[in-house]
Structure formats: C-alpha cells, structure tokens
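Take these sequences, add in the hints, and give me the full structure.
So you can see what is in the structure, the chains are spelled out below.
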Amino acid sequence: MNTLIFRTVAPYLSALMMLFSVFVLLRGHNEPGGGFIGGLIAVSAFAIYGIACGVSAVRRAMKYHPMSIAASGLLLAVLSVLPSIFYRQPAMTSQWLEMPFLGTVIDLSTPLFFDIGVYLVVVGAISSIALSLEERAD
Amino acid sequence: MPLFGVEATFWALLGPFVAAALSPILAKTLKHNASWLLAIIPALAFLQFLSFVPGIAAGQTFRASLEWVPTFNVNFSIYLDGLSVVFALLISGIGTLITLYSGGYLKGHQNLGQFLSYLFLFMGAMLGVVLADNIITLFVYWELTSITSFLLIGFDHLRRASRRAAVQALVVTGGGGLALMAGLILAGYQGGSFEMSELLNSGDILRESPYYTAIFVLVILGAFTKSAQFPFHFWLPNAMEAPTPVSAYLHSATMVKAGVYLLMRMQPALGGTELWMTILPIFGGITLLVGTILGIRQTDLKLVLAYTTVASLGLLVMLTGTSDPIAIQGAVIYLFAHSLFKGSLFMVVGTVDHEAGTRDLNRVGGLFSLMPITGVAAVLSALSMAGLPPLIGFVAKEVLYDGTWHAVNGGLWTGFALLGNAMMFALAATVAIKPFFGSKVKTPKAAHEGSILLYAGSITLAVLGLVTGLFIVSVGHQILSPMTSAILGTPFDEELHLFPTYLSPALYLSMATVALGIIIFMYLDKLRLIIAEILRTIGWGPDKGFDQTIEGIVRFAGTLSNTIQTGSMVRYMRATFVVIAFVLYVPMILTGNWPKLEGFGSLYVYEWFIAAIAVIGVYAVVTARYRVTAIVLLGIQGFAVALIFLLFGAPDLSFTQFMVETLSVVILALVMTRLNLKPTDARSSRAKLFDTSLALLCGAGISMLLMSIVQLPFDPTLSEFFTQYSRTIAHGRNIVNVILVDFRGFDTLGEIAVVMVTGLAVLALIRVRPKSEGNSKSENNR
Chain C
430 MNTLIFRTVA
440 PYLSALMMLF
450 SVFVLLRGHN
460 EPGGGFIGGL
470 IAVSAFAIYG
480 IACGVSAVRR
490 AMKYHPMSIA
500 ASGLLLAVLS
510 VLPSIFYRQP
520 AMTSQWLEMP
530 FLGTVIDLST
540 PLFFDIGVYL
550 VVVGAISSIA
560 LSLEERAD
Chain A
348 MPLFGVEATF
358 WALLGPFVAA
368 ALSPILAKTL
378 KHNASWLLAI
388 IPALAFLQFL
398 SFVPGIAAGQ
408 TFRASLEWVP
418 TFNVNFSIYL
428 DGLSVVFALL
438 ISGIGTLITL
448 YSGGYLKGHQ
458 NLGQFLSYLF
468 LFMGAMLGVV
478 LADNIITLFV
488 YWELTSITSF
498 LLIGFDHLRR
508 ASRRAAVQAL
518 VVTGGGGLAL
528 MAGLILAGYQ
538 GGSFEMSELL
548 NSGDILRESP
558 YYTAIFVLVI
568 LGAFTKSAQF
578 PFHFWLPNAM
588 EAPTPVSAYL
598 HSATMVKAGV
608 YLLMRMQPAL
618 GGTELWMTIL
628 PIFGGITLLV
638 GTILGIRQTD
648 LKLVLAYTTV
658 ASLGLLVMLT
668 GTSDPIAIQG
678 AVIYLFAHSL
688 FKGSLFMVVG
698 TVDHEAGTRD
708 LNRVGGLFSL
718 MPITGVAAVL
728 SALSMAGLPP
738 LIGFVAKEVL
748 YDGTWHAVNG
758 GLWTGFALLG
768 NAMMFALAAT
778 VAIKPFFGSK
788 VKTPKAAHEG
798 SILLYAGSIT
808 LAVLGLVTGL
818 FIVSVGHQIL
828 SPMTSAILGT
838 PFDEELHLFP
848 TYLSPALYLS
858 MATVALGIII
868 FMYLDKLRLI
878 IAEILRTIGW
888 GPDKGFDQTI
898 EGIVRFAGTL
908 SNTIQTGSMV
918 RYMRATFVVI
928 AFVLYVPMIL
938 TGNWPKLEGF
948 GSLYVYEWFI
958 AAIAVIGVYA
968 VVTARYRVTA
978 IVLLGIQGFA
988 VALIFLLFGA
998 PDLSFTQFMV
1008 ETLSVVILAL
1018 VMTRLNLKPT
1028 DARSSRAKLF
1038 DTSLALLCGA
1048 GISMLLMSIV
1058 QLPFDPTLSE
1068 FFTQYSRTIA
1078 HGRNIVNVIL
1088 VDFRGFDTLG
1098 EIAVVMVTGL
1108 AVLALIRVRP
1118 KSEGNSKSEN
1128 NR
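Chain order of the listed sequences is C and A.
For what it's worth, the numbering used here labels the leading residue of the first sequence as 430, then goes sequentially.
For what it's worth, the numbering used here labels the leading residue of the second sequence as 348, then goes sequentially.
Please keep in mind that the hints were generated in silico from the structure rather than gathered at the bench.
Careful: at least some of the hints might be erroneous.
[Claimed, not checked] If the Cβ cut is set under 7 Å, some of the chain C residues that face chain A in the computed set are:
hint, residue
1, Pro461
2, Ile466
3, Met521
4, Glu527
5, Pro529
[As the list claims (entries may be wrong)] Partner residues are not named here, just some residues of chain C that face chain A (Cβ under 7 Å, in silico):
hint, residue
6, His458
7, Glu460
8, Ser473
9, Ala490
10, Leu503
11, Ala506
12, Pro512
13, Pro519
14, Ser523
15, Gly532
16, Asp544
17, Val547
18, Glu563
Quick reminder that beta carbons are idealized off the backbone N, C-alpha and C, glycines included.
Okay, here's the thing in structure tokens:
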C-alpha cells in the first residue's frame, strides 16, 4: 500500500484536502458543508499524510498537540456564545458584522466562529485518536 | 433596632468566611497570637446579633432577602426570631472564645492557620443554618456544616482513627442531610412556600397533608443523625478524635444542636401530632439513658463528656417532642445552660490534657492548687451540669421537671428524665472532683496553669452560667421566653425564678435526682465494671454495625462489578444488542403496532440497485476470511447508505456519511492492528449462530422502527419554521448548518464538548499499556 507513487502524491493530496476542508467549512452557512464535515475532511487529510509519511511528520505539520487544537476550538465555540450577553440578549443570539473587503462584502458572524470552533474540535479530537493509534501500529 | 440594620446581618454571615481566608496568612506571621485578631470578627457578629435582642423580646421578627435563583423560588433569605437569635448568639459568642482557645491549644502547631480556617468555615456554615429562612439555603448550609465537621474531625489526618471518625461523621450526618432535603422540599410543596417563616404559619395544612408521615420521617432522619440520637449516636463519641476546641465547639455547643434546632424550628409546622409526641420523646429518652449509661463506662474524661452530650441531646429531643409549653421552656433553658457548661467543661478537659499530658480520670488528681482558674471553671460548670443552685442548670432542671410532669404521658418522660439526670449528676461530679481534688497523682507532664488563651474561654462560660442563674428573671424575659415563644408559635412569657416559690413536684424530683446521683457517684467504679461486662457480653453496637454496613456495601459493589464487567468485549457487545432488541420489540409487541409492509413496489430501478450494493457489501463482510478485509468491506455498505441520502436530497448528511465511513474504516483498521487478535474469526459455530440471529433480530427491529416512524403522519411545523426563518433570521441558506450552529447551537456546543472529552478518554485509554487493551475500541462520534 505504501508505494512510491502514494508517498509522492500524498503530501499534495493532503494539502489539497486541507484547503478543501477550509472551503467546505466557510461555505457551510449557505451551501452544503460546515464545521463538522470540514473537520472530518481535514482529519482524513492528516490520516493520508500519516499513512504515507509517518506520524511524526504529521505531528510536526500540526505544530500543536491535537488535543490543544480541540481545546482551543471548544474555547472559541464557548466565546462565540458570549457577545450577545453584552447586548442584553439571550446567550448565543447570533451577531452579524458586515465588512466591505476589496470590493465585496464579508459577513462576519458569531455562528461562523462557532462553526470554526466545531471544526477545530473535530480536527483535534479525532486526529488525536487516529494519530495515537497509528503511532502504536508503527 | 439592630446595631447596623437588618441588612448588615448578611455581613455578619459573610464575616467568618472572610476570617477563614485570612487565617492562614495571619497565622503564618503572628503564630498563635493571630487568634486575638481573628476573634474580633465573631465578636462583632455577636454584637450585631445582640442588638436584635430587645426588639425580639418586644415581639418583633426580622427578615431580609436577596434573590438567588428566582426561577426556582430559591432566595438567600434570613429570618431572625427568638429561636434563631439565641442560636446565633451562642455560635458567635462561644465561637469567639473558641477562637482564642484554639490559639492556646494549638500553640506552635504548624497547621494552626489551616485549623482556624476550617473552624471559621464551620462557624459561617452554622450561622447560616440557624439564620436561613429559605429551606434550600438552610439545606446548603446544613450540608456545609457536615463537610466542615469532616475536615475538622479529620484534622489529624495522619491517624487512622481520625480518618475513620471523619468519614463516619460525614456519612451519617451527610446521609441524614439528604433525607432532610427531601423532607424540606416535600414540606415546601405541601405548605406552599419555600420560606420557613411562611411555612410555620401553614402548620395545619402540613399536619393534614397525606404526606405528613413522609415529611416527618425524612425531617427527623436529618435531625436525629445530626444530633446523634439513638441509634445514630455512635458517630459523636468517635468524633472526639478531633482536637478539643472542635469538640467543645462543634460537638457540644453548636453543630450537634442543629438537629435540635431543626426540630424546634419545625415544632409549629410539624409538632403536636401523635406521631411527633410519641416518636420524639421515646427516641430522645432512649438516647438520654444510653448516653449516660455509656458515659459511666468511660474513663477518658473527653469521652465521658461526649456521652453526656449525647444524653443531653436526647433530653432536648424528648422535651421538644412532648410539645408541652413548659417542657419546651425547660428545653430552651437546658439548651442554653448546656452550651455554657459543656463548652466550658470540654475546654477544661482540653486544658488538663494539654498541661498534665493525660485525660484519663484514673491518672489525674489534686490539680486544683496547680490550676486554680481552670479548677474554678470546672467546679462552676459541673455544678450547673449537676443542676444545683444558684446556677442556670438548676433552673433548667426545675422547669423541665415541671414540664414533663404535666405533659401527655408525663410519668414515663419524668422517669426517663429522673434517671438520666441522676446519672448526669454523678458524671458531673466525676469530671469536677476526680482531676482537681483528692490526693495528687503523678501526671505525665508537670501540670501548671495554662496561658490566658487556654483559660479565658472556660472561665468566661462558667461564670456566665452563674450570672445567668442569678439574673434569671431578666435573662428569661429578654432571651429565653422569646425563644420559647418562637418555638411554640404563640407568645409565651412565664416568670422564671432562681428559687422555687412553693413546694412543687419539680422540687421533690430535683431532690430525688440529687440523692440518686450521689448514690450512683459512690458506686461509680463498680457500675463501670458491670456496664463494661454487659457490653462485652452483647459484643455488638451500632458502631460495629456501621463498619459492617460499609463493608457490606463495598463487597456488594465488588461482586456486582465482577459479575457485570467480565472484561470480555464479545459479552459486552452481546449484552448491548440484547438490550437493543428488547427496547425495539417490547413496545411493538405490547401495543401491537407493527409497521405495514408497503411501498416496495414504487421503488425505482436505480434504488433497487443501490440497495443491492448494500446487501452485497454486508454479504462480503460476513463471508470475509480475515478481519481486516471485513472491516474494509464494511465501507461498501456505508457508501451505499450515503448514496441513498444523496438521492433523497440530503447532501450534507450524505457528505458526512462518506467521511464518517472512511474514517471509521481507517480507525477500526488501526485498532485491529493493535489488538493482537487472531486474523480470523475463532468463534464456535454455536456462538456464530447466536450472534447471527441477534444481528438479524436487531437489524429487522431497526428497519421496522424506521418504517413505523415513516408511516406516522408527518408534522411539518418544525421544518416549515426552519425553512421560513433560516434565511430571514439566521442569514443562511443551508438549513442543516443553520440548525447546527444557530437554531440549536447549544446542542452542538454540548456535542463538541462530548467529542472533546471522548478524545481525551480514548487518548488516556490508548496510553494505558497491556492490561486494558480491549477497552480502546474505536470511538465514532456522531
């Protein structure tokens, strides 16, 4: 399975998948996609990279411990619950901010940050499981 | 009017907690002198409570409330009437003296700061118990006293006996607290209010309520465990493992009286029924006799005092239970007197122990000339305990005899009281005479008077016993009668006299007590041997019973876990699927609602085609020779399902299904490589047959369940709501995602927290080496 072709292609493939996962995450509010699916795609990317180049390479590429990534995701999700409280609205009421950027309008919203939090939790937790299992399999 | 206003009482409640935070810091710099500074806080609280006394004596009550959890009717509210103010005075007043005493007693101890901190935490909790108006507030403080008591008893945690006593006290009083919570909530719902001050006015409703017996049993379970009533009395003598300041404060003057407080508090709401007037005096009376008899058995002075405390608590419960106004007045005076003399005597014994090095009554003697101030405190307190004039203990005994004599079933209660008091008289004489008079006995340490910190508390309380006795008329008007009125729920003000004005039955009973007491005292050593012999023959007591219960529970838990958790994954899976089959089929069998087999004819060809792929996938899995092959083949069926989702317009779901299938195949394969399993399936054909039928049963059950659901009339309310508002309110066209991150965002928040925790748990399991390898089966979230 671990052929030369696979080893050569895997880094490009996983890079593309990572990019795609972010794309899926960001389009989620209007098109099929979202943090959960995006996160799963990213985990698959890490899994492919890991099978091809080894776990330590993946850990280097991730830079932070997967559980830290998951924890920061959870923190981000919780933080996105709070802003509405300052406007005396029930917690988690979505807040929207429309910013003009290079000729288009970017919608920044608390649900977006919440979704990014979901993405990070899924990426961190599942890749942590996969990586530690793979590590032992080596 | 109160000194700083009613609202300032909240600060008095907070004060001890502030002191608890300051204690470790102050004790580090000032050593034992920190207690001088710290004692200011309870002293200020004492003054605040004292300023309520004139108003309450004039018939006022005070209430203050802060909102806590308004949704559930839980307020942080306090209520000051004759009952709570006396308790608050005792707690803060004796607390001040105990703070000083602790400084002297634990002088040079490295954990003095920690000790004082626990002590103040307890003080705050105890003040909360007696001042709380809201029953939930009351319960929270009640349990807090159990927890702080646990910390204080276990202070000397290196000793096994301390640890055992601490756990025992926590289990007994904490367990009783849970019963109390149930009782209070039930009473709250029946009486229509969670505020004690309002509940007290709905006594008739509560007594008529069909739940009265339940409320009664639950509340007295709480009170009896806390106040060490038979058969729960055993934890209190064991709690003497705590340093003596704790015994003096918690286990005689304050905490153990919380149960009595509760009964007195509930008297207008629950009292006066036949049940109340039978159960309470009987258990109180038995506790009184058991306590005194076991007290005679002891030679350790501290244990003697502990058992007489049990006995006194029994007496108080008995008197409260009679519901007779005079008897309750007797209970009030006795409670007040007891806090003074017992607190003092405990400190005396602690000082003797501290200075002479022993508290065994056969190894001390003739200390009076060496420790005159402590000796005077001992004599005065013992006189009050024995019930002799002109101390307040005498007044208490006169009134309580008067009360029992006239109460319902008075003969029986008077008999209990007479016997108990006579033995108490003998024990009081022992505690005062044995260590301080008679010939000098060589003690382990050369005894001499301790520092002022050590004797200030005991002599103050002892002298107070004398002063309140001498000025009983005004003490009665200002403090005692308002307390009785609060317990009865009706105004009560009977003049108290130090000396009886006429020859009443009570006076004769008093004389009989003294005579009987002197006889018991003379034969005390013989009695001790006899009681010891009897106890040896019985050879079993509730204390042993407690150990047996705990052991039994542990053994039961062990057997249960060993039976259920065999460690075999196959069995776990079988058990799970058997339960699933039950859940699926039982409702269908019971209701007879089997789904109709219909609609197969309207399937399109390509739908049949996808279904066929799924079936082929399953067939391939079942017939695969190697496990790894089987796992990879599992993906075929999953992808087929994902295709079906796609066909029916759920791209998000299908997308997720694809990813989950892929990842679960990868993770399962990784797990398999780690499990060191045989590459092929090694089950016997019988086991295979069983597993196959179970699998078919569950699969068919799930299919039928889904079919039944689809055949129900569809309620489109929610879908329409989401379709309508997804764009307008939540600015999103993808309804699934809008539901996930906005409409039902809190669910998602909970789910990602679960994903996170699962990740952590799996990580921990994987790191556990050989023993529990089977546990790290893959976790598929969602």
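Output the indices of the hints that this structure fails to meet, ascending. 4, 5, 9, 12, 13, 15
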